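Trainee: Listed below, chain by chain, are the residues.
There are 2 protein chains.
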Amino acid sequence: MCPPALIPFKPRNPKTRLSAVLSQEEREQFARVMLEDVKAAAKDAMCSPVLVCSELFDSEDVQVTILDTDLNGTLNAILPQSVTDCLIIMADLPLADAGSIRRVISTKKDMAIVPGRGGGTNVIYVREPTKFHVDYYGTSFLKHMKIAEEAGLSVDVIDSFRLHTDIDEVEDLAELLIHGTGKSREYLEGLGFSLSVEKGRVGVVRKR
Amino acid sequence: MCPPALIPFKPRNPKTRLSAVLSQEEREQFARVMLEDVKAAAKDAMCSPVLVCSELFDSEDVQVTILDTDLNGTLNAILPQSVTDCLIIMADLPLADAGSIRRVISTKKDMAIVPGRGGGTNVIYVREPTKFHVDYYGTSFLKHMKIAEEAGLSVDVIDSFRLHTDIDEVEDLAELLIHGTGKSREYLEGLGFSLSVEKGRVGVVRKR
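If you read the protein sequences in the order shown, they are chains A and B.
Counting in our numbering, the first sequence runs from 577 upward without gaps.
Counting in our numbering, the second sequence runs from 577 upward without gaps.
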């Protein structure tokens, strides 16, 4: 009853689409605080975080290193060895909370998926990981649904905006300032970010 | 146990941010099929649709006309007269389904809100409408949370991406093609829209 939560993580030069508003050092720090929020939510939901990293970095977490920076290959080497159920959750979901993750891992089906915005896959939970493999990038949500179908696995698509909202673009930062409750929001506010409303559209501004 | 579902609707020249890919006539038709999907979901969840329209239009639905095109003023004239609980749901939520709406109306709190992307408010459910008033536009989610607090009403923020995803921009059409199951998706596909993946990002293309 304490499944591992595999969390893919890129410590160096992450989140390049935020380069217009954050320096590389800030992006690396921001990625780490988002990871902290995801880890805290996973732990609150009784999952054990295991980082799946593009390179080793200074942390006390259990880490698995990605071989040849191939996320799919690495995860697909881990899954067949799993003896328990398994959660795979992205590190850029700072709105994740215990409630949303619990809804995922308490599915009655063989597995559960939370789609990301734009057809991605933000969270996968699979009861018998040996029967499943991942195929991230592009419209991975549709690919994962197909893989599950071909493997005869029933799937719950979990309806959560907290786990649906991955932080990639500058406009996504507004979601974090509106709905965040953890360290990532604090970090952004500490850098001088706040909400702005122009012509009825909500965005962010940074005071320097 | 059959609350009205007030659905604000603009029949003429709606969804102007989709003008790059849809003509005015197509946008008007698209808005109507999205409305059909929202109405169907509301009915499946045992709610009775009531359109709140900027002008009368040809339909068999119960309609209330917005005075001076002021949505807030019109809703705030209706709410104090409500003798039952009440749902207010936007017409551009074609991913809405009975399950997500049921989660809203089965809240144990005084009211429930589903935030839209960018700080908007997509759905409000209030048990005693005489105690609440609306203030749409801008970061209305934060405004509605504050109005509830000042009125002493407890609020459930419902975590649903199906009700969080309002269709405003061209990129939102991808969400509909991926997750839609109703008439709006069919309508888009009939116009020649399909998913495209370029440089790992998912969008839509239209074959003419």
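Keep in mind the hints are simulated off the structure, nothing from the lab.
For clarity, every value in this text was computed on a predicted model and none was experimentally measured.
One or more hints might be untrue.
Distance condition first, Cα-Cα at most 25 angstroms in a straight line; then the derived BS3-like pairs of lysine-lysine [stated by the list, open to error]:
#, chain 1, residue 1, chain 2, residue 2
1, B, Lys759, A, Lys759
2, A, Lys707, A, Lys685
3, A, Lys775, B, Lys719
4, A, Lys775, B, Lys783
5, A, Lys719, B, Lys707
6, B, Lys759, B, Lys619
7, A, Lys722, B, Lys759
8, B, Lys591, A, Lys684
9, B, Lys775, A, Lys586
10, B, Lys722, B, Lys759
11, B, Lys722, B, Lys707
12, B, Lys586, B, Lys685
13, A, Lys719, B, Lys719
14, B, Lys619, A, Lys759
15, A, Lys591, B, Lys719
16, A, Lys775, B, Lys722
17, B, Lys619, A, Lys719
18, A, Lys783, A, Lys591
19, A, Lys783, B, Lys719
20, B, Lys591, A, Lys775
21, A, Lys707, A, Lys759
22, B, Lys591, B, Lys719
23, B, Lys591, A, Lys722
24, B, Lys619, B, Lys719
25, B, Lys759, B, Lys783
26, B, Lys586, B, Lys619
27, A, Lys759, A, Lys783
Examples of chain B residues toward chain A, derived with CB under 8 angstroms [to be verified]:
#, residue
28, Phe633
29, Ser676
30, Asp735
31, Ser736
From the three backbone atoms N, C-alpha and C, an ideal C-beta is built for every residue, glycine too.
Trainee: It remains to establish, for every hint, whether it holds in the given structure.
Mentor: Hint check results:
Of the pairs offered as hints, the one joining Lys759(B) and Lys759(A) is violated, with about 41 angstroms between alpha carbons and a cut-off of 25 angstroms exceeded. Of the supplied pair hints, the one linking Lys707(A) and Lys685(A) holds, its CA atoms being roughly 14 angstroms apart against a limit of 25 angstroms. Using a Cα cut-off of 25 angstroms, the hinted pair Lys775(A) and Lys719(B) holds, with the two alpha carbons roughly 17 angstroms apart. Annotation: proposed proximity of Lys775(A) to Lys783(B) is violated, straight-line Cα distance about 32 angstroms (limit 25 angstroms).
Annotation: proposed proximity of Lys719(A) to Lys707(B) is violated, straight-line Cα distance about 47 angstroms (limit 25 angstroms). Straight-line distance between C-alpha atoms of Lys759(B) and Lys619(B) comes to about 15 angstroms, which keeps the hinted pair within the 25 angstroms bound. For the hint pairing Lys722(A) with Lys759(B), the CA-to-CA distance comes to about 23 angstroms; that is within 25 angstroms, so the pair holds. The suggested pairing of Lys591(B) with Lys684(A) is violated, with an alpha-carbon distance near 39 angstroms, which exceeds 25 angstroms.
Distance restraint check for Lys775(B) and Lys586(A): the Cα-Cα separation of roughly 19 angstroms lies within the 25 angstroms cut-off, and the hinted pair is therefore satisfied. Proposed proximity of Lys722(B) and Lys759(B) is contradicted: the alpha carbons are some 36 angstroms apart, above 25 angstroms. Distance hint between Lys722(B) and Lys707(B) is fulfilled; the C-alpha atoms sit about 13 angstroms from each other, no more than 25 angstroms. Between Lys586(B) and Lys685(B) the CA atoms are separated by roughly 31 angstroms; this puts the pair beyond 25 angstroms, and the hint is violated.
About 39 angstroms separates the Cα atoms of Lys719(A) and Lys719(B), which puts this hinted pair outside 25 angstroms; it is violated. At roughly 41 angstroms between alpha-carbon atoms, Lys619(B) and Lys759(A) are farther apart than 25 angstroms, so this suggested pair is violated. For a cut-off of 25 angstroms, the pair hint linking Lys591(A) to Lys719(B) is broken: about 31 angstroms separates their Cα positions. Among the hinted pairs, Lys775(A) with Lys722(B) is consistent with the structure: their alpha-carbon atoms are about 22 angstroms apart, no more than 25 angstroms.
With a C-alpha separation of about 32 angstroms, the suggested pairing of Lys619(B) with Lys719(A) is violated against the 25 angstroms cut-off. Taken as a hint, the Lys783(A) and Lys591(A) pair is honoured in the structure, with Cα atoms around 21 angstroms apart against an allowance of 25 angstroms. Restraint check: the Cα-Cα separation between Lys783(A) and Lys719(B) comes to about 23 angstroms, which is no more than 25 angstroms; the hinted pair holds. For the given pair, Lys591(B) sits about 15 angstroms from Lys775(A) by alpha-carbon distance, which is consistent with the 25 angstroms threshold.
Restraint check for Lys707(A) and Lys759(A): not satisfied, since their Cα atoms lie roughly 36 angstroms apart, outside the 25 angstroms limit. At roughly 24 angstroms between alpha-carbon atoms, Lys591(B) and Lys719(B) fall within 25 angstroms of each other, so this suggested pair holds. About 33 angstroms separates the Cα atoms of Lys591(B) and Lys722(A), which puts this hinted pair outside 25 angstroms; it is violated. As the CA atoms of Lys619(B) and Lys719(B) are separated by approximately 28 angstroms, the hinted pair breaks the 25 angstroms bound.
As the CA atoms of Lys759(B) and Lys783(B) are separated by approximately 19 angstroms, the hinted pair is consistent with the 25 angstroms bound. Between Lys586(B) and Lys619(B), the direct Cα distance comes to roughly 20 angstroms. Compliance with the 25 angstroms bound is thereby established for this hinted pair. Only pairs whose Cα atoms come within 25 angstroms are accepted, and Lys759(A) paired with Lys783(A) is accepted, the gap being roughly 19 angstroms. At its closest, the beta carbon of Phe633(B) sits 24 angstroms from a beta carbon of chain A; the interface hint therefore is violated under the 8 angstroms criterion.
With a cut of 8 angstroms, the hint placing Ser676(B) at the interface with chain A holds, because the nearest CB-to-CB distance is about 6 angstroms. Checking Asp735(B) against chain A by beta carbon gives a least distance of about 5 angstroms; that is within 8 angstroms, so the hint holds. Of the supplied interface hints, the one on Ser736(B) holds, with its beta-carbon coming within about 5 angstroms of a beta-carbon of chain A, less than 8 angstroms.
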